[in-house]
Amino acid sequence: MADADIITGKLTSSGRLDKALAEATELSRERIKGLIAEGAVTVGKTVARSASAKVQGEERFAIVLPPPEPLAAKPQDIPLDVVFEDAHLVVVDKPAGMVVHPAAGNPDGTLVNALLHHCAGQLSGINGVARPGIVHRIDKDTSGLLVVAKSDAAHEGLARQFADHSITRRYLAVCAGHPNPPAGTIAGRLGRSDRDRKKMAVLPDDTSRGKHAVTHYETLKALTHASLIECRLETGRTHQVRVHCASIGHALLGDPVYGRTPKALRPLLEELGFARQALHAARLGFRHPISGESLDFCAEPPSDMRELIDQTAR
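FYI, in my numbering the residues of the sequence shown are 469 to 782.
Derived by calculation from the structure, the hints in this document are not laboratory data. The C-beta atom is built at its ideal place from N, Cα and C for all residues, glycine as well. Misleading hints may appear alongside valid ones.
[Claimed, not checked] Distance condition first, Cα-Cα at most 16 Å in a straight line; then the derived EDC-like pairs of lysine to aspartate or glutamate: (1) K522 - E491; (2) K679 - E702; (3) K667 - D607; (4) K513 - E498; (5) K689 - D778; (6) K689 - E775; (7) K478 - E491; (8) K487 - E498; (9) K487 - E526; (10) K513 - E527; (11) K513 - E526; (12) K487 - E527; (13) K478 - E526; (14) K478 - E527; (15) K679 - D632; (16) K608 - D576; (17) K666 - D607.
[What the hints assert, rightly or not] Listed next, with one range per pair, are the computed distances between beta-carbon atoms: (18) G645 - E761: 35 to 43 Å; (19) K513 - S759: 32 to 40 Å; (20) S676 - G741: 38 to 46 Å; (21) S661 - G573: 17 to 25 Å; (22) H680 - H569: 42 to 50 Å; (23) E768 - S676: 35 to 43 Å; (24) S759 - L688: 29 to 37 Å.
Turn these sequences into a full structure, and let the hints steer you where they fit.
Written out as C-alpha coordinates, the structure is:
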(Lines of atoms letter the chains of each structure in order from A and count residues from 1; the text may use other names and numbers.)
(Lines give C-alpha, C1' and ligand atoms only; values in the text may rest on other atoms or scores of the structure.)
Protein backbone atom coordinates (compact mmCIF):
# COMPACT_ATOMS: atom_id res chain seq x y z
CA MET A 1 0.00 0.00 0.00
CA ALA A 2 1.23 3.50 -0.80
CA ASP A 3 2.27 5.81 2.02
CA ALA A 4 -0.30 8.24 3.36
CA ASP A 5 -0.10 11.88 2.29
CA ILE A 6 0.15 14.62 4.89
CA ILE A 7 -1.47 17.99 4.24
CA THR A 8 -0.17 20.84 6.37
CA GLY A 9 -0.93 24.54 6.53
CA LYS A 10 -2.39 27.41 8.50
CA LEU A 11 -6.10 28.11 8.93
CA THR A 12 -7.20 31.40 7.39
CA SER A 13 -10.75 31.64 8.75
CA SER A 14 -12.41 31.29 12.13
CA GLY A 15 -15.49 29.36 13.16
CA ARG A 16 -16.20 25.65 12.80
CA LEU A 17 -13.14 23.48 12.32
CA ASP A 18 -14.54 21.44 9.41
CA LYS A 19 -15.53 24.59 7.51
CA ALA A 20 -12.15 26.27 8.13
CA LEU A 21 -10.26 23.17 6.99
CA ALA A 22 -12.39 22.85 3.86
CA GLU A 23 -11.52 26.45 2.96
CA ALA A 24 -7.82 25.81 3.56
CA THR A 25 -7.63 22.56 1.58
CA GLU A 26 -9.26 20.90 -1.43
CA LEU A 27 -11.19 18.48 0.77
CA SER A 28 -14.94 18.52 1.28
CA ARG A 29 -16.44 19.09 4.71
CA GLU A 30 -17.84 15.55 4.68
CA ARG A 31 -14.41 14.11 3.95
CA ILE A 32 -12.89 16.24 6.72
CA LYS A 33 -15.54 15.08 9.21
CA GLY A 34 -14.62 11.49 8.41
CA LEU A 35 -10.91 12.18 8.86
CA ILE A 36 -11.53 13.91 12.19
CA ALA A 37 -13.53 10.86 13.34
CA GLU A 38 -10.54 8.68 12.36
CA GLY A 39 -8.16 10.84 14.42
CA ALA A 40 -6.29 11.95 11.32
CA VAL A 41 -6.48 15.72 11.95
CA THR A 42 -4.20 17.69 14.23
CA VAL A 43 -4.69 21.36 15.09
CA GLY A 44 -1.67 22.85 16.83
CA LYS A 45 -0.36 19.91 18.84
CA THR A 46 -3.79 18.47 19.61
CA VAL A 47 -5.62 15.73 17.74
CA ALA A 48 -8.99 17.13 16.70
CA ARG A 49 -12.01 15.25 18.06
CA SER A 50 -14.95 17.37 16.93
CA ALA A 51 -15.80 18.83 13.53
CA SER A 52 -17.81 21.59 15.22
CA ALA A 53 -14.93 22.74 17.42
CA LYS A 54 -14.29 26.48 17.16
CA VAL A 55 -11.00 27.81 15.78
CA GLN A 56 -9.57 31.33 15.65
CA GLY A 57 -8.11 31.19 12.15
CA GLU A 58 -4.36 31.26 12.80
CA GLU A 59 -3.76 27.68 13.95
CA ARG A 60 -1.40 25.32 12.16
CA PHE A 61 -2.97 22.04 11.08
CA ALA A 62 -1.92 18.65 9.73
CA ILE A 63 -4.14 16.09 8.03
CA VAL A 64 -2.99 12.52 7.48
CA LEU A 65 -4.66 11.52 4.23
CA PRO A 66 -4.62 7.75 3.66
CA PRO A 67 -4.36 6.41 0.11
CA PRO A 68 -7.78 6.18 -1.58
CA GLU A 69 -9.35 2.75 -1.31
CA PRO A 70 -9.85 0.99 -4.63
CA LEU A 71 -13.38 0.88 -6.03
CA ALA A 72 -14.98 -2.53 -6.52
CA ALA A 73 -15.65 -1.68 -10.18
CA LYS A 74 -12.80 -2.56 -12.52
CA PRO A 75 -11.14 -0.21 -15.04
CA GLN A 76 -11.99 -1.05 -18.64
CA ASP A 77 -10.42 0.32 -21.80
CA ILE A 78 -13.61 1.67 -23.34
CA PRO A 79 -13.34 4.58 -25.82
CA LEU A 80 -14.59 7.91 -24.47
CA ASP A 81 -15.48 11.12 -26.29
CA VAL A 82 -13.79 13.60 -23.93
CA VAL A 83 -14.98 17.17 -24.52
CA PHE A 84 -12.93 18.80 -21.73
CA GLU A 85 -10.56 17.64 -19.02
CA ASP A 86 -8.27 19.09 -16.39
CA ALA A 87 -6.90 17.99 -13.02
CA HIS A 88 -10.28 18.41 -11.31
CA LEU A 89 -12.99 17.22 -13.70
CA VAL A 90 -13.79 15.67 -17.05
CA VAL A 91 -16.70 16.38 -19.42
CA VAL A 92 -17.70 13.51 -21.72
CA ASP A 93 -20.21 13.08 -24.54
CA LYS A 94 -21.81 9.78 -23.52
CA PRO A 95 -23.09 7.54 -26.30
CA ALA A 96 -26.58 6.09 -26.21
CA GLY A 97 -26.54 2.55 -24.83
CA MET A 98 -23.95 3.19 -22.11
CA VAL A 99 -24.99 2.96 -18.46
CA VAL A 100 -23.41 5.60 -16.22
CA HIS A 101 -22.79 3.55 -13.06
CA PRO A 102 -22.41 -0.20 -12.41
CA ALA A 103 -25.51 -1.77 -10.92
CA ALA A 104 -27.39 -5.05 -10.88
CA GLY A 105 -27.68 -6.21 -14.48
CA ASN A 106 -24.90 -3.82 -15.60
CA PRO A 107 -21.77 -4.79 -13.63
CA ASP A 108 -19.36 -3.52 -16.28
CA GLY A 109 -19.13 -1.69 -19.58
CA THR A 110 -20.31 1.48 -17.84
CA LEU A 111 -19.06 5.05 -17.92
CA VAL A 112 -17.52 4.55 -14.47
CA ASN A 113 -15.54 1.53 -15.72
CA ALA A 114 -14.31 3.58 -18.67
CA LEU A 115 -13.35 6.55 -16.48
CA LEU A 116 -11.45 4.36 -14.01
CA HIS A 117 -9.21 3.36 -16.92
CA HIS A 118 -9.05 6.81 -18.51
CA CYS A 119 -8.29 8.59 -15.21
CA ALA A 120 -5.91 5.99 -13.79
CA GLY A 121 -3.62 7.66 -11.27
CA GLN A 122 -5.50 10.97 -11.47
CA LEU A 123 -8.32 10.31 -8.97
CA SER A 124 -7.58 11.84 -5.56
CA GLY A 125 -10.55 10.03 -4.05
CA ILE A 126 -14.18 10.88 -3.35
CA ASN A 127 -14.79 10.42 0.38
CA GLY A 128 -11.68 8.26 0.55
CA VAL A 129 -12.47 6.01 -2.41
CA ALA A 130 -10.58 6.20 -5.73
CA ARG A 131 -13.57 6.73 -7.95
CA PRO A 132 -14.97 9.26 -10.39
CA GLY A 133 -17.44 11.62 -8.72
CA ILE A 134 -20.78 11.13 -10.44
CA VAL A 135 -22.86 14.23 -9.66
CA HIS A 136 -25.60 13.66 -12.25
CA ARG A 137 -26.71 10.94 -14.63
CA ILE A 138 -28.48 10.56 -17.92
CA ASP A 139 -30.40 7.46 -18.91
CA LYS A 140 -28.67 4.54 -20.61
CA ASP A 141 -30.33 5.25 -23.96
CA THR A 142 -29.98 9.03 -23.77
CA SER A 143 -26.84 10.48 -25.35
CA GLY A 144 -24.96 13.63 -24.48
CA LEU A 145 -22.92 15.66 -22.03
CA LEU A 146 -21.96 14.68 -18.49
CA VAL A 147 -19.50 16.28 -16.08
CA VAL A 148 -17.63 14.04 -13.64
CA ALA A 149 -15.43 15.11 -10.72
CA LYS A 150 -11.90 13.76 -10.29
CA SER A 151 -11.35 15.18 -6.80
CA ASP A 152 -13.28 15.51 -3.56
CA ALA A 153 -13.38 19.32 -3.72
CA ALA A 154 -14.59 19.33 -7.33
CA HIS A 155 -17.28 16.78 -6.45
CA GLU A 156 -18.59 18.93 -3.61
CA GLY A 157 -18.49 22.13 -5.69
CA LEU A 158 -20.37 20.57 -8.61
CA ALA A 159 -22.91 18.91 -6.30
CA ARG A 160 -23.65 22.31 -4.76
CA GLN A 161 -24.40 23.79 -8.20
CA PHE A 162 -26.71 20.93 -9.10
CA ALA A 163 -28.49 21.32 -5.75
CA ASP A 164 -29.09 25.05 -6.23
CA HIS A 165 -30.13 24.55 -9.90
CA SER A 166 -27.47 26.92 -11.24
CA ILE A 167 -26.28 24.39 -13.84
CA THR A 168 -27.32 25.04 -17.47
CA ARG A 169 -28.80 21.92 -19.04
CA ARG A 170 -30.46 21.87 -22.43
CA TYR A 171 -31.69 18.76 -24.21
CA LEU A 172 -32.69 18.21 -27.81
CA ALA A 173 -35.62 15.84 -28.29
CA VAL A 174 -37.91 14.63 -31.05
CA CYS A 175 -41.45 14.34 -29.75
CA ALA A 176 -44.61 12.99 -31.31
CA GLY A 177 -46.94 15.59 -32.82
CA HIS A 178 -46.73 19.36 -32.56
CA PRO A 179 -46.95 20.93 -29.08
CA ASN A 180 -49.55 23.66 -28.75
CA PRO A 181 -48.46 26.19 -27.64
CA PRO A 182 -45.14 25.63 -29.42
CA ALA A 183 -43.25 26.85 -26.34
CA GLY A 184 -44.12 26.65 -22.68
CA THR A 185 -43.35 25.35 -19.20
CA ILE A 186 -44.26 21.99 -17.69
CA ALA A 187 -44.23 21.88 -13.89
CA GLY A 188 -45.35 19.32 -11.36
CA ARG A 189 -44.19 16.78 -8.82
CA LEU A 190 -42.45 13.72 -10.22
CA GLY A 191 -42.44 10.42 -8.36
CA ARG A 192 -42.98 6.70 -8.70
CA SER A 193 -46.12 5.75 -10.57
CA ASP A 194 -48.86 4.09 -8.50
CA ARG A 195 -49.60 1.78 -11.43
CA ASP A 196 -46.04 0.73 -12.21
CA ARG A 197 -43.28 1.27 -9.65
CA LYS A 198 -40.64 1.00 -12.37
CA LYS A 199 -42.00 4.13 -14.03
CA MET A 200 -42.06 7.78 -12.99
CA ALA A 201 -45.21 9.90 -13.23
CA VAL A 202 -46.52 13.42 -12.71
CA LEU A 203 -48.22 13.31 -9.31
CA PRO A 204 -51.14 15.41 -8.00
CA ASP A 205 -50.14 18.83 -6.70
CA ASP A 206 -51.64 18.10 -3.27
CA THR A 207 -49.39 15.12 -2.61
CA SER A 208 -46.27 15.19 -0.47
CA ARG A 209 -44.69 12.44 -2.54
CA GLY A 210 -42.16 12.99 -5.30
CA LYS A 211 -40.10 16.08 -6.05
CA HIS A 212 -40.93 19.37 -7.73
CA ALA A 213 -39.79 19.43 -11.35
CA VAL A 214 -39.79 22.18 -14.00
CA THR A 215 -39.06 21.84 -17.73
CA HIS A 216 -39.16 24.72 -20.23
CA TYR A 217 -39.64 23.60 -23.83
CA GLU A 218 -39.48 25.34 -27.21
CA THR A 219 -40.26 23.96 -30.66
CA LEU A 220 -37.25 24.41 -32.91
CA LYS A 221 -38.67 22.73 -36.01
CA ALA A 222 -41.99 21.18 -37.03
CA LEU A 223 -41.43 17.74 -38.59
CA THR A 224 -43.77 15.25 -40.23
CA HIS A 225 -45.98 13.96 -37.39
CA ALA A 226 -43.28 15.10 -34.96
CA SER A 227 -41.32 18.10 -33.65
CA LEU A 228 -37.73 18.88 -32.80
CA ILE A 229 -37.84 20.60 -29.41
CA GLU A 230 -35.33 22.02 -26.96
CA CYS A 231 -35.94 21.35 -23.27
CA ARG A 232 -34.29 23.51 -20.62
CA LEU A 233 -34.23 21.95 -17.17
CA GLU A 234 -34.63 23.92 -13.97
CA THR A 235 -34.48 20.68 -11.99
CA GLY A 236 -32.96 17.29 -12.77
CA ARG A 237 -35.33 14.50 -11.80
CA THR A 238 -35.30 10.90 -12.98
CA HIS A 239 -36.77 10.66 -16.52
CA GLN A 240 -37.89 14.31 -16.22
CA VAL A 241 -37.98 15.27 -19.91
CA ARG A 242 -39.49 11.94 -20.95
CA VAL A 243 -42.27 12.05 -18.35
CA HIS A 244 -43.05 15.76 -18.79
CA CYS A 245 -43.33 15.47 -22.58
CA ALA A 246 -45.54 12.39 -22.29
CA SER A 247 -47.73 14.20 -19.74
CA ILE A 248 -48.73 16.85 -22.32
CA GLY A 249 -49.43 14.26 -25.00
CA HIS A 250 -46.13 14.56 -26.88
CA ALA A 251 -44.01 11.60 -25.80
CA LEU A 252 -40.53 11.24 -27.27
CA LEU A 253 -40.22 9.14 -30.39
CA GLY A 254 -38.80 5.69 -29.72
CA ASP A 255 -39.37 5.88 -25.95
CA PRO A 256 -40.07 2.27 -24.92
CA VAL A 257 -41.45 3.22 -21.51
CA TYR A 258 -43.41 6.45 -21.83
CA GLY A 259 -43.97 6.77 -25.57
CA ARG A 260 -46.35 5.60 -28.23
CA THR A 261 -44.89 6.32 -31.65
CA PRO A 262 -47.45 7.71 -34.14
CA LYS A 263 -48.65 4.94 -36.44
CA ALA A 264 -47.47 6.85 -39.51
CA LEU A 265 -43.87 6.93 -38.18
CA ARG A 266 -43.54 3.32 -37.02
CA PRO A 267 -42.30 1.99 -40.39
CA LEU A 268 -39.62 4.71 -40.50
CA LEU A 269 -38.34 3.96 -36.99
CA GLU A 270 -38.23 0.25 -37.84
CA GLU A 271 -36.36 0.99 -41.08
CA LEU A 272 -33.84 3.16 -39.23
CA GLY A 273 -33.56 0.69 -36.37
CA PHE A 274 -34.27 3.55 -33.97
CA ALA A 275 -35.30 1.86 -30.73
CA ARG A 276 -34.43 4.41 -28.04
CA GLN A 277 -35.89 7.66 -26.77
CA ALA A 278 -34.95 10.50 -29.12
CA LEU A 279 -33.20 12.54 -26.44
CA HIS A 280 -29.75 14.14 -26.37
CA ALA A 281 -28.09 16.26 -23.66
CA ALA A 282 -26.83 18.96 -26.02
CA ARG A 283 -25.60 21.72 -23.73
CA LEU A 284 -24.01 21.82 -20.27
CA GLY A 285 -22.83 24.95 -18.49
CA PHE A 286 -21.45 25.46 -14.98
CA ARG A 287 -18.84 27.29 -12.91
CA HIS A 288 -15.56 25.45 -12.54
CA PRO A 289 -15.72 24.27 -8.90
CA ILE A 290 -12.09 25.19 -8.22
CA SER A 291 -11.21 28.15 -10.46
CA GLY A 292 -14.70 29.69 -10.63
CA GLU A 293 -14.40 30.04 -14.42
CA SER A 294 -17.65 29.85 -16.41
CA LEU A 295 -17.65 26.81 -18.67
CA ASP A 296 -20.18 26.05 -21.42
CA PHE A 297 -20.14 22.98 -23.67
CA CYS A 298 -22.25 21.89 -26.64
CA ALA A 299 -22.48 18.52 -28.39
CA GLU A 300 -24.23 17.74 -31.67
CA PRO A 301 -26.76 14.88 -31.64
CA PRO A 302 -25.34 11.50 -32.68
CA SER A 303 -25.84 10.15 -36.18
CA ASP A 304 -28.92 8.04 -35.40
CA MET A 305 -30.82 11.03 -34.06
CA ARG A 306 -29.65 13.32 -36.88
CA GLU A 307 -30.88 10.76 -39.40
CA LEU A 308 -34.26 10.56 -37.62
CA ILE A 309 -34.59 14.35 -37.81
CA ASP A 310 -33.59 14.43 -41.48
CA GLN A 311 -36.02 11.66 -42.42
CA THR A 312 -38.96 13.34 -40.67
CA ALA A 313 -38.19 16.86 -41.93
CA ARG A 314 -41.01 18.44 -43.89
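*What hint numbers does the structure not satisfy?*
When the structure is compared with the hints, numbers 4 and 22 turn out to be violated.
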